[in-house]
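Novice: The lines below spell out each chain.
Number of protein chains: 2
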Amino acid sequence: MARPTPLSGFPEWLPDGRIVEQHVLDVLRRTFELHGFAGIETRAVEPLEQLLRKGETSKEVYVLRRLHDEPAGADEPADRQGQLGLHFDLTVPFARYVLENAGRLAFPFRRYQIQKVWRGERPQDGRFREFVQADIDVVGAGALPYHYEVELPLVMADALGALRDLGVPPVRILVNNRKVAEGFYRGLGLEDVEAVLRGIDKLDKVGPEAVADLLVAEAGATPEQAAACLELAAVHGGDASVVDRVRELAERHGASTELLEEGLRELGALVTAAAERAPGVLVADLKIARGLDYYTGSVYETVLVGHEDLGSICSGGRYDTLASDGTTTYPGVGLSIGVSRLVSRLLSAGLVRATRSVPTAVLVAVTSEERRTASDAVAAALRARGIPTEVAPSAAKFGKQIKHADRRGIPFVWFVGDADEDGAPAQDEVKDIRSGEQTPVDAATWTPPAEDLLPRVVAAG
Amino acid sequence: MARPTPLSGFPEWLPDGRIVEQHVLDVLRRTFELHGFAGIETRAVEPLEQLLRKGETSKEVYVLRRLHDEPAGADEPADRQGQLGLHFDLTVPFARYVLENAGRLAFPFRRYQIQKVWRGERPQDGRFREFVQADIDVVGAGALPYHYEVELPLVMADALGALRDLGVPPVRILVNNRKVAEGFYRGLGLEDVEAVLRGIDKLDKVGPEAVADLLVAEAGATPEQAAACLELAAVHGGDASVVDRVRELAERHGASTELLEEGLRELGALVTAAAERAPGVLVADLKIARGLDYYTGSVYETVLVGHEDLGSICSGGRYDTLASDGTTTYPGVGLSIGVSRLVSRLLSAGLVRATRSVPTAVLVAVTSEERRTASDAVAAALRARGIPTEVAPSAAKFGKQIKHADRRGIPFVWFVGDADEDGAPAQDEVKDIRSGEQTPVDAATWTPPAEDLLPRVVAAG
Numbered sequence: 122m123a124r125p126t127p128l129s130g131f132p133e134w135l136p137d138g139r140i141v142e143q144h145v146l147d148v149l150r151r152t153f154e155l156h157g158f159a160g161i162e163t164r165a166v167e168p169l170e171q172l173l174r175k176g177e178t179s180k181e182v183y184v185l186r187r188l189h190d191e192p193a194g195a196d197e198p199a200d201r202q203g204q205l206g207l208h209f210d211l212t213v214p215f216a217r218y219v220l221e222n223a224g225r226l227a228f229p230f231r232r233y234q235i236q237k238v239w240r241g242e243r244p245q246d247g248r249f250r251e252f253v254q255a256d257i258d259v260v261g262a263g264a265l266p267y268h269y270e271v272e273l274p275l276v277m278a279d280a281l282g283a284l285r286d287l288g289v290p291p292v293r294i295l296v297n298n299r300k301v302a303e304g305f306y307r308g309l310g311l312e313d314v315e316a317v318l319r320g321i322d323k324l325d326k327v328g329p330e331a332v333a334d335l336l337v338a339e340a341g342a343t344p345e346q347a348a349a350c351l352e353l354a355a356v357h358g359g360d361a362s363v364v365d366r367v368r369e370l371a372e373r374h375g376a377s378t379e380l381l382e383e384g385l386r387e388l389g390a391l392v393t394a395a396a397e398r399a400p401g402v403l404v405a406d407l408k409i410a411r412g413l414d415y416y417t418g419s420v421y422e423t424v425l426v427g428h429e430d431l432g433s434i435c436s437g438g439r440y441d442t443l444a445s446d447g448t449t450t451y452p453g454v455g456l457s458i459g460v461s462r463l464v465s466r467l468l469s470a471g472l473v474r475a476t477r478s479v480p481t482a483v484l485v486a487v488t489s490e491e492r493r494t495a496s497d498a499v500a501a502a503l504r505a506r507g508i509p510t511e512v513a514p515s516a517a518k519f520g521k522q523i524k525h526a527d528r529r530g531i532p533f534v535w536f537v538g539d540a541d542e543d544g545a546p547a548q549d550e551v552k553d554i555r556s557g558e559q560t561p562v563d564a565a566t567w568t569p570p571a572e573d574l575l576p577r578v579v580a581a582g
Numbered sequence: 122m123a124r125p126t127p128l129s130g131f132p133e134w135l136p137d138g139r140i141v142e143q144h145v146l147d148v149l150r151r152t153f154e155l156h157g158f159a160g161i162e163t164r165a166v167e168p169l170e171q172l173l174r175k176g177e178t179s180k181e182v183y184v185l186r187r188l189h190d191e192p193a194g195a196d197e198p199a200d201r202q203g204q205l206g207l208h209f210d211l212t213v214p215f216a217r218y219v220l221e222n223a224g225r226l227a228f229p230f231r232r233y234q235i236q237k238v239w240r241g242e243r244p245q246d247g248r249f250r251e252f253v254q255a256d257i258d259v260v261g262a263g264a265l266p267y268h269y270e271v272e273l274p275l276v277m278a279d280a281l282g283a284l285r286d287l288g289v290p291p292v293r294i295l296v297n298n299r300k301v302a303e304g305f306y307r308g309l310g311l312e313d314v315e316a317v318l319r320g321i322d323k324l325d326k327v328g329p330e331a332v333a334d335l336l337v338a339e340a341g342a343t344p345e346q347a348a349a350c351l352e353l354a355a356v357h358g359g360d361a362s363v364v365d366r367v368r369e370l371a372e373r374h375g376a377s378t379e380l381l382e383e384g385l386r387e388l389g390a391l392v393t394a395a396a397e398r399a400p401g402v403l404v405a406d407l408k409i410a411r412g413l414d415y416y417t418g419s420v421y422e423t424v425l426v427g428h429e430d431l432g433s434i435c436s437g438g439r440y441d442t443l444a445s446d447g448t449t450t451y452p453g454v455g456l457s458i459g460v461s462r463l464v465s466r467l468l469s470a471g472l473v474r475a476t477r478s479v480p481t482a483v484l485v486a487v488t489s490e491e492r493r494t495a496s497d498a499v500a501a502a503l504r505a506r507g508i509p510t511e512v513a514p515s516a517a518k519f520g521k522q523i524k525h526a527d528r529r530g531i532p533f534v535w536f537v538g539d540a541d542e543d544g545a546p547a548q549d550e551v552k553d554i555r556s557g558e559q560t561p562v563d564a565a566t567w568t569p570p571a572e573d574l575l576p577r578v579v580a581a582g
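From first to last, the protein sequence lines are chains L and X.
First residue of the first sequence: 122, per the numbering used here; consecutive thereafter.
First residue of the second sequence: 122, per the numbering used here; consecutive thereafter.
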């Protein structure tokens, strides 16, 4: 077998990169649990017809077949009925899980879910075919109060803030409210709200002039209406004054509506609460449109400060119908962190690093193969006290064993005391191979410095 | 959307089941790291031609295609070249990972890997189409000393032993050595070793008489040779006396060979070390054959005591060629825990349970929506001290808020003190809703009893 090469779009990390990813995942999980979110996992596959309910995403789905199935076999027919595809996000499976288990869940149901998803898109920097998402959602049965639209981005602010201890740059969470946009557009007299949102969504890519042309050509806007939409999109700020600015703008353009007013009350409440609970993290940004997604209230995007080119690393919003079984409708609000996108940038830009690539703190040297069991016993004693330990692969010269530890990044090498002539054990010794310092120790009591016990993730350079 | 039904073979757990699974995974990971194994993850897909190298498994593979690809499009042609399939184990991807990254890994390389795998098999009790495996392997470059064949099952004994704290039943690890079997068969004059192994592998299913017939019919054995093979397969025991019994048997049948003797030395060393380091867990069992797998030395299977019908929950062995790039061969030894198989039995047989289905220890009640921020502040203070906390969904009557906590299994409800007429804050109080006891508390200092802080996993009943 020749040396294989990586598959584009399917990232894998070396062990030290995986330590970074695992630390990120641990911090996220810990934060979500502190906020009372229960962890669930769903299967990787969903019926194809479920995955294709949102027509937009059909291009991206990976369809499965069993290798030896006949294309039109009885078990898995060739038409879509019964076919399975890999999930492309964690929202569609979560909606299905909620419906399937509604009778056994307590609502509002708070869940986090950290899993891989797959999209058959063309890979780019930060855009993969297989990647890890970390989602939180709250879903209600029949109704869901607005205050969850304030709470959920603040949970993410807490989670992403906790990552700063690992050396991750700060984030800025950009929020908008669909009701504000829709209320304003309708107040202006624009009825094709989707077309306007589609145009505004391109602002960062093509610039305001091209968007104005688009709004005229595709959303039926006059140049004046287009200009007003662009004025709205330009509003942003970290305090409640944005609400006043939008209100002033709407009055000036005669675009005030009840829907706009409702959206502004919500947006104002969110910005005010955020300014208090996560100062400087959350910013109202009226150009955030979230494309054609099914959001109906707050929408969120998140940039890594200094890495805005990466695009959003945490997005979501409020949807009035996550799922419905005909009797009950389940509204929800949620956000999803693109963990692979974030971690790939952390690694490729050298922003953070693991202090070593193995969990091992101590390598117990082996004096001779006959005495390996003495080294095994020391290792067991250290592990019993929570110290990650391995035993040297061979009874090579000590210099070679130290080199093995060095190559693996293990900070300490333990030498088991030889029984002396009288049969009394000589003292064990441990060497810090970074300083070269070697000291007499006892496996029942010695502990490495706290910072050496486990690999840590720290800001690089 | 009608209420969806589960997909056979794709298990999912409710939140309390997921807590059990997550605890199991945490204990495994923790133990593997204590033993110096580095965690890696590989992508879920491999080139189909890689997955089909072992012909036996070709039936089980799920093949991927992108929904809108033409069957013979330029991007992913219809022939196997370039096609991707989901991995059916973690060994094939690990072998590829080792080859791909050999220059950046230190050997012997110790890794653990906990991921889902997929097999298009017919689902049965404990046999799924999607399931989680937890693997450990040590792989050497060019050579790998025998002592790793002793170490790895003992790491698994440690990991599975650590699960006993959660209420998981004890396990028995059954070991054999291919060299013993092959040496014995060849000593008897049987050359088609694979055919003999294939027959012996059916012993538990069809019984000794049918196996004897098989050995005669398919392995070219005389009835006497078949009887000798069955005598060997009947040998088992937890100490080095098994070695003597096999040696005696071989002498009686004139079947002693150098290969047999080498295998017996290895098996004896393993059983002796295990009797000391994990007494009662590891048993030599000469009928363990591991089908047609590519093992060349020790082989391992593991049963959950009292649940032998479940089949092996942890299997593996020594393979002389995990991978090869033409220049270097990478021998290895590893075991794989069938986590989904284990967890599904723990849950379905009611062996263990989570003490609650949510991480939340405290629900902070809300007096009125205007005072929700006061409840948010208490929640933040508790979380800052590591206490999982959520805030009530609405300012309903306290009785209803307590009921919400009860339904979710949250043990404590916190009442924020109302400001009294003088503006001085009244005391906060917390109610243990199980005992009904309500006591004055301070969010800066109160801590729940340790056993209530997080959901625990305990033996049921």
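The hints are simulated quantities; they were obtained by calculation from the structure and are not laboratory data.
Among the hints, a few may not be true.
[Stated by the list, open to error] Here's a subset of chain L near chain X, in silico, CB distances under 8 Å, partners left out:
(1) SER129
(2) PHE131
(3) TYR183
(4) PHE252
(5) ARG368
[Said to hold, decoys possible] Among the chain X residues that face chain L by a calculated CB cut under 8 Å, a handful are:
(6) PRO136
(7) ALA165
(8) ILE235
(9) ARG285
(10) GLY288
(11) LEU335
(12) VAL356
(13) PRO514
[As the list claims (entries may be wrong)] Okay, the calculated bits of chain L under chain X, using three or more residues with CB under 8 Å as the criterion:
(14) 136-147
(15) 216-225
(16) 236-245
(17) 375-382
(18) 488-500
(19) 510-521
Don't be surprised by glycine CBs; every beta carbon is placed ideally from N, CA and C.
Novice: The structure should be examined with respect to each hint, and the outcome stated for every one.
Specialist: Verification of the supplied hints:
no., hint, result
1, SER129, "violated, 11 Å"
2, PHE131, "holds, 4 Å"
3, TYR183, "holds, 5 Å"
4, PHE252, "violated, 10 Å"
5, ARG368, "violated, 23 Å"
6, PRO136, "holds, 4 Å"
7, ALA165, "holds, 6 Å"
8, ILE235, "violated, 11 Å"
9, ARG285, "violated, 15 Å"
10, GLY288, "violated, 20 Å"
11, LEU335, "violated, 26 Å"
12, VAL356, "violated, 26 Å"
13, PRO514, "holds, 5 Å"
14, 136-147, "holds (count 5)"
15, 216-225, "holds (count 7)"
16, 236-245, "holds (count 3)"
17, 375-382, "violated (count 0)"
18, 488-500, "holds (count 4)"
19, 510-521, "holds (count 5)"
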